[in-house]
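Participant: Here are the chains, one letter per residue:
Number of protein chains: 2
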Amino acid sequence: MILTLSIDAMGGDFGPVVTVPAALECLNKNPQLRLILVGDEAVLQPLLAQALVEFADRLSIQHASQCVAMDESPSKALKNKKDSSMRVAINLVRDGIADACVSAGNTGALMATARFVLKMIPGIDRPAIISTLPSIYGHTHALDLGGNVDSSAEHLLQFAIMGAELVKAVDGKENPTVGLLNIGQEDVKGNEQVKAAAKLLEKSHLNYIGYVEGDYLNAGSHAVDLIVADGFVGNVALKSIEGAAKMIGTSLKAAFNKNLFTRLAGLIAYPVLKSFKSSIDPRLYNGASFLGLRGLVIKSHGGADVLAFVTAIQLAEAEVSHNVLQKIAAQVELILKQRQGEWEHTQE
Amino acid sequence: MILTLSIDAMGGDFGPVVTVPAALECLNKNPQLRLILVGDEAVLQPLLAQALVEFADRLSIQHASQCVAMDESPSKALKNKKDSSMRVAINLVRDGIADACVSAGNTGALMATARFVLKMIPGIDRPAIISTLPSIYGHTHALDLGGNVDSSAEHLLQFAIMGAELVKAVDGKENPTVGLLNIGQEDVKGNEQVKAAAKLLEKSHLNYIGYVEGDYLNAGSHAVDLIVADGFVGNVALKSIEGAAKMIGTSLKAAFNKNLFTRLAGLIAYPVLKSFKSSIDPRLYNGASFLGLRGLVIKSHGGADVLAFVTAIQLAEAEVSHNVLQKIAAQVELILKQRQGEWEHTQE
Numbered sequence: 078m079i080l081t082l083s084i085d086a087m088g089g090d091f092g093p094v095v096t097v098p099a100a101l102e103c104l105n106k107n108p109q110l111r112l113i114l115v116g117d118e119a120v121l122q123p124l125l126a127q128a129l130v131e132f133a134d135r136l137s138i139q140h141a142s143q144c145v146a147m148d149e150s151p152s153k154a155l156k157n158k159k160d161s162s163m164r165v166a167i168n169l170v171r172d173g174i175a176d177a178c179v180s181a182g183n184t185g186a187l188m189a190t191a192r193f194v195l196k197m198i199p200g201i202d203r204p205a206i207i208s209t210l211p212s213i214y215g216h217t218h219a220l221d222l223g224g225n226v227d228s229s230a231e232h233l234l235q236f237a238i239m240g241a242e243l244v245k246a247v248d249g250k251e252n253p254t255v256g257l258l259n260i261g262q263e264d265v266k267g268n269e270q271v272k273a274a275a276k277l278l279e280k281s282h283l284n285y286i287g288y289v290e291g292d293y294l295n296a297g298s299h300a301v302d303l304i305v306a307d308g309f310v311g312n313v314a315l316k317s318i319e320g321a322a323k324m325i326g327t328s329l330k331a332a333f334n335k336n337l338f339t340r341l342a343g344l345i346a347y348p349v350l351k352s353f354k355s356s357i358d359p360r361l362y363n364g365a366s367f368l369g370l371r372g373l374v375i376k377s378h379g380g381a382d383v384l385a386f387v388t389a390i391q392l393a394e395a396e397v398s399h400n401v402l403q404k405i406a407a408q409v410e411l412i413l414k415q416r417q418g419e420w421e422h423t424q425e
Numbered sequence: 078m079i080l081t082l083s084i085d086a087m088g089g090d091f092g093p094v095v096t097v098p099a100a101l102e103c104l105n106k107n108p109q110l111r112l113i114l115v116g117d118e119a120v121l122q123p124l125l126a127q128a129l130v131e132f133a134d135r136l137s138i139q140h141a142s143q144c145v146a147m148d149e150s151p152s153k154a155l156k157n158k159k160d161s162s163m164r165v166a167i168n169l170v171r172d173g174i175a176d177a178c179v180s181a182g183n184t185g186a187l188m189a190t191a192r193f194v195l196k197m198i199p200g201i202d203r204p205a206i207i208s209t210l211p212s213i214y215g216h217t218h219a220l221d222l223g224g225n226v227d228s229s230a231e232h233l234l235q236f237a238i239m240g241a242e243l244v245k246a247v248d249g250k251e252n253p254t255v256g257l258l259n260i261g262q263e264d265v266k267g268n269e270q271v272k273a274a275a276k277l278l279e280k281s282h283l284n285y286i287g288y289v290e291g292d293y294l295n296a297g298s299h300a301v302d303l304i305v306a307d308g309f310v311g312n313v314a315l316k317s318i319e320g321a322a323k324m325i326g327t328s329l330k331a332a333f334n335k336n337l338f339t340r341l342a343g344l345i346a347y348p349v350l351k352s353f354k355s356s357i358d359p360r361l362y363n364g365a366s367f368l369g370l371r372g373l374v375i376k377s378h379g380g381a382d383v384l385a386f387v388t389a390i391q392l393a394e395a396e397v398s399h400n401v402l403q404k405i406a407a408q409v410e411l412i413l414k415q416r417q418g419e420w421e422h423t424q425e
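Going line by line, the protein sequences match chains A and B.
When you read off a place in the first sequence, starting at 1, and then add 77, the result is the number in the working numbering.
When you read off a place in the second sequence, starting at 1, and then add 77, the result is the number in the working numbering.
Incorrect hints may have been included.
Chain copies aren't distinguished; within one or between two, either way the pair holds.
To be verified - Below 30 Å or equal to it, Euclidean Cα-Cα: the simulated BS3-like pairs (lysine-lysine) are:
1. K276 - K250
2. K156 - K266
3. K153 - K272
4. K323 - K335
5. K330 - K351
6. K156 - K272
7. K404 - K196
8. K404 - K280
9. K159 - K196
10. K280 - K196
11. K250 - K280
12. K414 - K250
13. K323 - K272
14. K404 - K106
15. K323 - K354
16. K156 - K196
17. K351 - K335
18. K266 - K153
Hints are computed from structural coordinates only; laboratory data are not their basis.
Given these sequences and hints, build the entire structure.
Facilitator: Next up, the structure:
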């Protein structure tokens, strides 16, 4: 199956320096992949001259005259940057030319633009950001990681429905387990938002296993396929994990850099430390998907290097080839019809 | 200065097996310390027979006939366990016999009992849980780590005022920096709660430096002395950090256990790995304080071992010797008076 992705080639902290080599690596790895690199043609053409010949009909450039800055306000980007690489890449998804779009650009602007251009799936009120986190059990999916704040219980249910479809499609799990992020596992624990959401999740068709605490994102006492949270809480948790990993990495380096003996020990342990580092390499988990829109948009970390951006492109490939968008839309439609049926039933 | 602590000797996952040796170690280390071990005399007497002679007037047993189970509901503990080791230890603080109480017991029951017995400082609505976290800059204090959910902006301000006084007293910092936990640093970011709290903090006397993200708990781009959050968010962040640390530790162990070569490398690197481990040892950060009550209560992790419980006792020693409680009460009274003054001024 041929799949086509539009790449915001100018986005991220490094722009084409990262996006171009990552794109070429993905084209080399997957012969079914077609990429449309969106950005300033004058910049991209010289970088891609050889590749355009090599990959012929699998690679093209779509010109976009503007760039959204990493610190630009989403509303300004939406209003003044109608020909930005980000916007044009999303337009290609809307127009059915690309199956998904990948951008390392400004998250707020990307979300606002994607929502404006693609619109929501009927039945979903807000887009949510989902990502995969490494865990001692393999990996866990978590959402919302910052798309929304002050979400209602109904929003959390919608996130759970969409996330579970994604996990089913991508991981091939029949009935993924869904946990709700909370500050304890007992019924009495939690704020009003999660208590109300728990009631909705219990009544839903989902394989809801109850409350889970923050440690379940990486290392709880059992595996959870999907963890659902309000975007404020999910984002704080994600950033807290990043901070903890950074601190631990810094301490480990400092311990091996203390003196001549420790540096020698480090030299001997180098291959082991390298294999440890790669086992939890965040670049291998780069890429968050916006769910709830009528089109797939993958957000890469702004500071992504080539390896990390390759991971984000491959995430888009996986979601397209597993029909994540169609499956989510179909599931949401089904649930809407069921609710309509229940509603009509109560009216009889 | 003589300081007296009451120790809930029966609390925690291990009870006297941990609390008794930790108590004796602290008595050995600090000749100004007096400890009252609260619990079943029949259990404690034989364990302490020799120590009661050795430490004479610095060690005593206060009998309590009941124990609060680790999974007991706070309301049931409050109602049915009026002679629990936890309750009696807190009573000693209320009665001025002990300067602070340390317990590794059930957090919810400890909080409910402490609040019921000690009452709130006038001007403070809810008790908050504060703890110290290791950071690449040394350490950071954070609150609320789970005392309250659905806190208002005014509650967050109260937490900040109390936390700043604690940091001033314990760390000897004149004007500690205060950050508000959020999902971005721009003004537009955040939920309604933090946006409203930011306005109150800006107008306050505190050295408020603005929003900080989750990574600032351990490793932000600059140091922050105190991070303020709603208890739901703070607790999820803390648990997420615990999970990340556990996963990273598991991966590091697995990398060194892979084969004969890696195990040999691990043997050579052992002293370095040991020094790394101790540099981020969570046992050296054990102990959370309940702020806002008319008495000091320190909560140790339920699974604390002797070293960790010693840390919690030493935290209590530090807070008592720095008059944390008196300083918080005085500061809150001062602010209440100022507000009253402003209020009267607007009425003229």
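Participant: Now look at each hint and say whether the structure bears it out.
Facilitator: Going down the list of hints, with the structure as the test:
1. K276 - K250: Classified as within: same-chain Cα gap 24 Å, cross-chain 46 Å, threshold 30 Å.
2. K156 - K266: between (43 Å within a copy, 19 Å between copies)
3. K153 - K272: between (37 Å within a copy, 21 Å between copies)
4. K323 - K335: both (18 Å within a copy, 24 Å between copies)
5. K330 - K351: Answer is both; intra-copy 12 Å and inter-copy 13 Å each pass.
6. K156 - K272: Classified as between: cross-chain Cα gap 25 Å, same-chain 39 Å, threshold 30 Å.
7. K404 - K196: For K404 and K196, only the intra-copy Cα distance (17 Å) is at most 30 Å; the inter-copy one is 55 Å.
8. K404 - K280: within (21 Å within a copy, 50 Å between copies)
9. K159 - K196: within (16 Å within a copy, 59 Å between copies)
10. K280 - K196: This pair counts as within: shortest intra-copy Cα distance 28 Å, inter-copy 40 Å.
11. K250 - K280: within (21 Å within a copy, 52 Å between copies)
12. K414 - K250: For K414 and K250, the Cα distance is within 30 Å only inside one copy (24 Å; across copies 61 Å).
13. K323 - K272: between (33 Å within a copy, 28 Å between copies)
14. K404 - K106: Answer is within; shortest intra-copy Cα gap is 26 Å, inter-copy 64 Å.
15. K323 - K354: both (12 Å within a copy, 15 Å between copies)
16. K156 - K196: Intra 16 Å, inter 54 Å, cutoff 30 Å: intra-copy only.
17. K351 - K335: So K351 and K335 pass the 30 Å test inside a copy (19 Å) and across (13 Å) alike.
18. K266 - K153: The answer is between: 15 Å across copies meets 30 Å, while 41 Å in one copy does not.
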